[in-house]
Structure formats: C-alpha cells, structure tokens
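K.L.:
Keeping their order, the protein sequence lines are chains P and L.
Letter 146 of the first sequence, counting from 1, is numbered 146 in full-length UniProt numbering, and no numbers are missing.
Letter 259 of the second sequence, counting from 1, is numbered 259 in full-length UniProt numbering, and no numbers are missing.
These aren't lab readings, by the way, just hints derived from the structure by calculation.
Bear in mind that the values here come from a model prediction, so they are computed numbers and not experimental data.
Among the hints, a few may not be true.
To be verified - Label pairs and their calculated CB-CB ranges:
| # | chain 1 | residue 1 | chain 2 | residue 2 | range |
| --- | --- | --- | --- | --- | --- |
| 1 | L | Pro173 | P | Asp265 | 37 to 43 Å |
| 2 | L | Thr126 | P | Gln283 | 36 to 42 Å |
| 3 | L | Arg248 | P | Glu73 | 40 to 46 Å |
| 4 | L | Val145 | P | Leu229 | 29 to 35 Å |
Even glycine gets a Cβ: it sits at the ideal position worked out from N, Cα and C.
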Amino acid sequence: MKADVIIIGGGLQGLSTALHLGRRGVKSIVLEKESPGRHASGVNAGGLRQLNRHMAEIPLTVEAARMWKNIRELVDGDCDVVLRGQVRVAESDVQLKKLQARVDMLRAQGYEHEQIIDQETLYRLVPRLVEGCVGALYNPDDGSARPFHAATAFRHKAIALGAEIRSGVEVLGIEEGGDGWRVETSQGSFTAANVANCAGAWANRFASMLGEPVPLKPQAPTLMVTERLPHFLDLTVGAEGYQLSFKQMQNGTVIIGGAHLAKLDFEQEKSVIDFATLKTSAQTVTRFFPHMAQVRIVRTWAGIEGFMADGIPVIGKSAKAAGIFHAFGFSAHGFQLSPVVGRIMSELILDGKTDLPIEPFDIRRFQKTE
Amino acid sequence: MEHHELIVIGGGPAGLAAATAAAETGVQCLLLDEQGTPGGQIYRAVETIPEERARLLGPDYIYGRKLVDRFNASSATYLPGTSLWSLNSRREIGILRDGQASLMRADRIIIASGAMERPVPFPGWTLPGVMTAGAGQILLKSSGVVPKDGVVLAGVGPLLLLLGWQYLHAGVPIRGILDLSPYGNIWRSLPHLPGALMAHHYILKGLRYQMQLKMAGVKFYGGVSEFHAVGGDVLEAVEFTHRRGRKRIETELLLSHFGVIPDSHLSRCAGCEHYWDHSQLCWRPVTDEWDNSSIEGIAIVGDGSGIGGAVAARHAGRIAGFEAARALGYIDTKQRNEAAGKDQRWMHDDLRVRPFLEARFHPPAELLSGPPDETLVCRCEEVRAGEVRRAMHAGHRDANQVKFLTRCGMGPCQGRQCDNAVSQLVARELGDEKMISGGYRIRPPIRPLTIEQLAGLDVGDASQ
C-alpha cells in the first residue's frame with residue numbers, strides 16, 4: 001500500500017496532521033493500532049488553555065487559540081467549544097506576586113493574553129469560590145471543548161479531504177527502502193516518502209527504531225466527573241500550588257482533573273485508578289469549592305499519555321532520518337495545541353520549514369547529552 | 001489498607017455458601033453484603049419475615065433459612081450495609097459503610113454479586129407506573145406491599161409466572177399475563193426437554209403455577225408482539241398485537257420482566273475478561289471449572305457468572321469456597337476435589353433444565369435490538385435508539401465509541417441499564433454479531449461516592 005505520507009497514530013495530533021495535509025491536496029494514511037481517539041485524545045479534560053503555559057509553547061498556543069476560535073472553518077463542526085475563560089487562583093499575596101511576575105515577563109515579549117485580576121473581579125467571575133482567595137491569573141479567551149467530539153470532527157474532515165484512516169493496524173517495524181519508507185504492520189506493509197510519528201505514549205518505539213530514543217514516559221492522568229448540578233460556573237478553574245483543573249460542562253456535570261496519576265501497566269495498556277491519590281484531588285476540590293462536598297462522583301477514568309522529561313513535546317524533523325517527522329510527548333497538555341501541530345507538521349513535510357518557532361521542541365535536545 | 005485472606009462479595013445463596021464452605025476449612029473470611037441481613041434477593045429477609053408471608057413465598061424460599069443458619073454458625077465475618085464502589089485487578093476493594101469510605105484488599109476474592117433483571121427499552125418503559133417484576137417481588141418480600149388496584153404482567157421468563165402465582169394468593173387482581181416470547185420458542189425448546197426432565201421439579205412447578213392461575217380465571221396472552229406501554233404523564237394502558245389483532249388493557253401498573261442477566265459491573269470494573277453469551281444474551285465472565293476469572297485470585301460464582309438459579313448458585317458457591325481454601329493452603333487439591341465432588345454432580349444435574357428454559361424463554365430479537373428510533377435507551381442521559389443508530393452510521397463502530405459520542409451509559413447508573421441494549425443495537429445495526437466484541441468499559445466508582453467521602457477516604461497504612 002503506497003501513500004504520500006504515512007501517519008502513525010490516530011489520535012488528535014495524527015488526525016490534525018492528516019487534515020492539514022489534505023487541505024493541501026496531499027493524501028495520507030493514518031495507521032491506528034486500536035480505534036481513533038482511543039487513548040488520551042478521546043478522554044482528556046478538553047481544556048483549551050493558553051494560561052500558565054511553558055514559555056516555549058506560547059507562540060504555538062496563541063496561534064492554536066486563534067484556530068480553536070474559528071474551529072468550524074477548519075473541521076466543519078464546533079467540537080463543543082466554549083470560550084468563557086480560565087483562571088489560576090492565588091490563595092496568598094506571595095502566590096499572586098509570582099503570577100504577576102509571569103504576566104510582566106509575557107508583556108515584555110509582546111504577549112497580552114494573560115492578566116492578573118483582583119479579588120473582586122475573581123469573585124464576580126467565580127462566585128462559588130471559597131472565601132479568602134486574593135486574586136488570580138486570568139485569560140478570558142480560554143475555555144474547553146469535548147475531546148471525543150473534536151477527535152471525531154478532525155477525523156471526518158481529514159477523511160473528507162482524502163485521508164485514509166486504518167483502525168486496528170499495529171506498526172511493527174520501519175525501514176528505509178528504494179522508494180521511501182517501508183512500514184511493516186500487523187496488516188501488511190505500507191510505503192511512503194514521508195512518515196509522521198504521532199504515536200503518543202507509544203512514540204518512543206518508533207523513535208528508537210530510527211535510532212533516536214527519547215526519555216518519554218507513559219503515564220495515565222486521571223479525571224473524575226460528577227453528577228449534573230445546576231449551573232454555577234462558567235470558567236475553568238486551576239489553583240497555584242495545587243493539581244487542579246475544575247470546570248462545569250454544558251450538561252451540568254463537573255469535570256475534575258489536575259494530572260493525578262493512575263497506576264499504569266503500559267505493556268497491558270491497562271490503568272488502575274489510584275483512589276489514595278484521588279483523595280488529594282477531592283480534598284483540593286472541597287478546599288476551593290466547599291459546596292461540592294455532597295456532590296456525587298459518577299465516574300473516574302484515565303487516559304494513557306506520553307510525558308517528556310522536560311514537560312514539553314517533541315515537534316519537528318527527525319535528526320537521524322530524512323522524511324521522518326515527530327509530534328509527540330505533549331505531557332498532558334497537547335489537546336489545545338492540536339490544530340497548530342497539524343499545520344506545523346504539514347508545513348515541515350511539504351515545505352521543509354514552518355514560520356512558527358519550534359526550535360525548543362527539537363528532538364536533538366535529548367541527543368546532545370548522549 | 002485492611003487486609004483479609006478471603007473476601008466474599010454478596011450475601012445471596014452463592015456468597016453464603018462460598019463463605020461458609022471456606023470458613024469451615026479454617027480460612028479467615030469476610031463477607032461484604034449490601035443488604036442489611038443475609039439472603040440476597042432470593043432469600044431476602046428470610047430471617048425476619050413473618051411466618052404467614054414466608055409460607056406464601058413457598059418452600060424454596062424457606063430453604064434459605066438453613067443456608068443462613070449454617071453461615072451464622074461458621075467463623076466467617078459478616079459486614080452488612082456495605083456498598084462496593086470499586087474493585088481492581090490488584091484485588092483492592094473500595095467500600096462504603098455508614099458514610100465512611102475505605103479501601104481493603106484480599107488474597108482471594110469471590111464475587112457473588114448475583115443477577116439483575118434484563119433491562120429492555122420498549123416503547124413507554126420509562127412511564128411512571130411501569131416497574132419490573134423483580135421490583136414488585138422485592139416489595140412483596142420486604143414489606144408485604146401488593147398492588148391493590150390490579151396489575152398487568154408482561155414479558156418473558158419464569159419469574160412472571162411465579163409472581164403471578166404469589167399475587168394470586170395475595171388476592172391481587174391480575175388483568176392479564178402477556179407472554180412476549182415468540183411462538184417458535186416452544187418448538188425450539190422441545191429438543192432440550194428430555195435433558196430438562198432430569199430436573200423436572202422446575203417444569204412441574206411452572207405447570208402447576210400456570211394451571212392454578214388459569215383455573216382462577218387469569219387471562220393469558222401468548223405470542224404477544226409490538227408491545228407498548230402508553231400514557232401521558234403516567235401509565236394508562238398497555239397495547240399489543242395478539243393473534244393478528246391489536247389489543248388494549250387499561251392499567252395503572254405494569255410489571256415487566258425479560259429474564260435475568262449476570263450483574264457483571266463489578267467483575268468488569270476489575271477488568272475480568274467477559275464474552276457475549278448468545279444463548280443467555282448477556283455478558284458473562286470467562287471462568288474455568290472452578291469459577292476462577294481471568295484475573296489471578298478473583299473467582300465469580302452464582303448468577304453473576306451466568307444464570308443458573310439459586311440451587312446451582314449454592315453449589316457453585318461451595319465449590320469456589322473449597323477452591324479458595326485450596327489456593328490459600330488450608331486443604332490440598334485432593335481434599336478440594338473430594339469436598340467439591342457432590343456439589344459438582346448436584347450442580348450439573350440442576351443445570352440440566354437450563355437449555356430448555358433458555359430456549360423456551362428466549363426474548364424476541366425484535367424487542368432487544370430493534371426498539372423504535374424514538375424509544376429511550378439510556379434513561380440517565382436521555383439517549384434514544386435513533387441517536388445510537390446515527391452514531392454508528394457516522395462511523396462509531398463499537399459500544400464504547402457510541403458511548404463517547406452520545407453520552408449513553410455515562411449517567412449515574414453508568415450503563416447498568418443500557419449496556420446490553422446498546423451492545424445488541426450495535427451488533428444488529430452492523431449486521432455482524434461478532435461486533436459484540438466488548439460492552440462498555442466500566443469505570444469506578446460503580447456506586448456513586450461523594451467528593452467528601454473520597455476526601456475522607458481511609459487508606460489505612462499507605463505504605464501497604
């Protein structure tokens with residue numbers, strides 16, 4: 001089977017790459033070992049967050065936010081996007097000063113999307129927040145989407161633009177042949193001049209096959225969802241010094257995250273929810289939202305995701321093999337970046353370059369230390 | 001974390017027998033029961049029930065006293081009023097008791113969670129006034145409540161007949177008993193009759209119930225199809241097709257029943273492998289001859305492992321109890337085989353009636369996989385059959401993808417009610433039964449837990 005581009009991994013980054021290639025008339029085959037969006041892409045918290053990101057990610061996150069705002073133009077669906085803002089709450093003046101320093105640094109580099117709000121504004125925006133918080137870091141343009149709806153919309157649009165999605169196809173090996181790359185799978189072999197490694201938590205397998213292993217650690221961040229409640233919250237709430245992501249969905253349920261980890265058996269691809277850890281998560285919720293105490297948790301789950309040692313992804317060309325491109329290791333904050341990552345990947349594959357600054361994500365940052 | 005040698009989950013016939021058998025060999029055994037007293041659904045309140053009501057329920061019910069007495073006399077510890085909200089592959093159990101959540105673990109676990117009534121989304125099934133026959137029977141057993149204004153019984157399965165018979169003796173006006181099993185079932189069940197006669201008391205009992213009901217003038221409708229519960233805000237009547245004519249019976253109460261299926265949410269939450277049983281039309285755990293599941297140290301017995309009834313459950317419980325004692329080193333393999341031998345033979349004999357019953361009371365395919373588009377499938381999230389079909393036609397080709405997209409099975413019951421129905425809708429719509437390759441993935445907590453309860457979780461010694 002021959003294609004222009006083979007994409008390994010049917011998660012959001014792979015589907016976004018296929019979509020952007022399709023927009024430029026290039027056909028790709030997406031090889032997915034299970035079903036599209038099966039792991040982190042389909043079950044993450046759906047946060048559209050520019051707030052408090054790693055400095056290296058700022059140019060990408062700002063561009064991604066612009067794309068999410070007009071997501072219908074990109075994928076013909078709304079992905080249930082809601083943009084009502086995100087806050088990162090400070091409990092003390094010391095914390096608020098730390099957040100203020102961040103805002104000052106961003107301003108110095110020309111970014112205006114984060115701001116500090118005072119106590120009064122915070123309580124106007126988040127009325128049910130526990131008393132005594134002093135202020136917050138705030139971005140009014142952040143929000144959330146429904147991950148599985150997004151993965152579905154990206155997939156449908158990619159297919160409409162000519163991409164072929166193969167489910168249940170596991171990649172077993174990859175080698176250079178006379179006419180490009182030959183990818184051996186559980187369903188036969190596929191060849192293409194270019195291969196995109198968007199395999200998430202499994203991406204290191206392919207990086208290793210190509211001789212450039214990376215410190216990627218599979219982890220399973222846990223989420224909880226509550227029963228439906230009357231509307232009380234518009235924004236997504238985080239808190240300085242705590243692992244918290246707290247938002248009320250359109251249907252009234254509250255999704256609680258914060259990258260609390262489940263116990264993961266990566267070989268079996270099975271995660272076991274760690275309730276001793278989630279106890280901390282529940283304590284954080286009742287600390288900031290005491291009215292949630294009697295609310296019932298309906299479900300907990302965990303999605304398998306790749307974490308990099310330095311917390312930011314690998315995006316860019318392979319350092320060892322021409323025609324190989326990587327986008328993985330989003331370390332529990334890749335959802336928001338997905339539209340722009342697909343664009344970058346398509347530009348790297350078709351033009352050999354992109355105008356977005358991706359040097360910090362170069363895979364060579366791990367090879368230098370060898 | 002509190003640690004036990006053996007934890008048995010469920011205080012019905014299988015759980016009581018398992019705990020008793022294991023404890024009698026010396027195993028340190030804890031039985032967790034959601035109910036307040038031992039007996040499960042089948043022997044519910046058997047220790048405390050007034051004599052008159054016990055006689056009404058019959059000798060099979062009264063037998064439960066023997067089982068409970070022997071359990072009480074054993075060294076097993078009984079923990080009533082305990083709900084389980086989690087079980088994982090590491091044999092860690094999350095329990096909730098008196099509002100306090102805690103974790104415990106065990107070397108061996110025997111799940112005896114029993115059966116639940118098969119939820120079937122037929123038109124009107126969510127109207128107030130429509131209940132399951134099982135719910136009707138629970139009211140009768142636990143508090144003697146009966147419907148004074150009359151009732152229609154409809155569906156498939158022996159429980160309908162039993163409840164009709166019990167109601168008859170309790171003086172309840174029965175407006176009609178509607179058998180929704182296809183006429184062809186009778187012919188398909190006949191080849192299984194000779195085997196079934198080895199356990200003929202079941203069949204004789206069924207015939208006796210039916211005869212007494214008919215003699216009392218109760219009207220039976222066989223081969224009923226296109227069955228609807230109708231009403232505005234509440235149930236007003238049932239409408240159905242019988243002998244090619246459309247019929248209507250006015251009633252304020254309908255008790256429906258479509259057989260029972262294993263309550264598999266706990267074993268699925270733990271990650272035990274399950275398969276689709278085409279004869280019983282439900283998910284069943286994969287187990288070996290000693291009822292060990294695919295997960296080391298977890299066994300599943302009784303109706304939770306596949307519907308066999310109370311008698312078979314009792315034997316299966318004892319067999320698993322001896323197996324646990326062997327695994328824990330209290331008896332050797334030879335002693336286990338000897339101890340379990342009689343139960344294995346009795347269970348085998350008792351189960352001979354099953355193929356006949358499964359064929360005779362096989363629910364009609366149309367009812368299970370073909371609800372009209374506008375019929376609610378998921379009550380919690382109000383998802384209709386049509387939305388499930390549309391999701392599949394949009395390329396979501398298994399139950400979990402349908403769940404992600406439509407939210408069916410994501411409400412407070414976590415799919416307990418719609419799981420089977422959606423699995424069958426998916427299979428039928430895709431025209432390929434093999435597509436029933438997995439039901440919903442079941443996520444803890446399988447019983448709702450408040451945020452405060454989780455925040456106060458007793459994890460004991462965290463270092464384990």
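K.L.:
Do Thr126 of chain L and Gln283 of chain P keep their Cβ atoms within the hinted range of 36 to 42 Å?
P.N.:
holds, 38 Å
K.L.:
I want to verify a distance hint. Is the separation of the beta carbons of Arg248 of chain L and Glu73 of chain P within 40 to 46 Å?
P.N.:
violated, 54 Å
K.L.:
Please check whether Val145 of chain L and Leu229 of chain P have a Cβ separation lying inside 29 to 35 Å.
P.N.:
Roughly 33 Å apart at Cβ, these two residues keep to the hinted range, so it holds.
K.L.:
Measuring from beta carbon to beta carbon, are Pro173 of chain L and Asp265 of chain P in 37 to 43 Å?
P.N.:
Violated - the Cβ-Cβ distance for Pro173 of chain L and Asp265 of chain P, about 58 Å, lies outside 37 to 43 Å.
Violated hints, in rising order: 1 and 3; the structure is consistent with all others.
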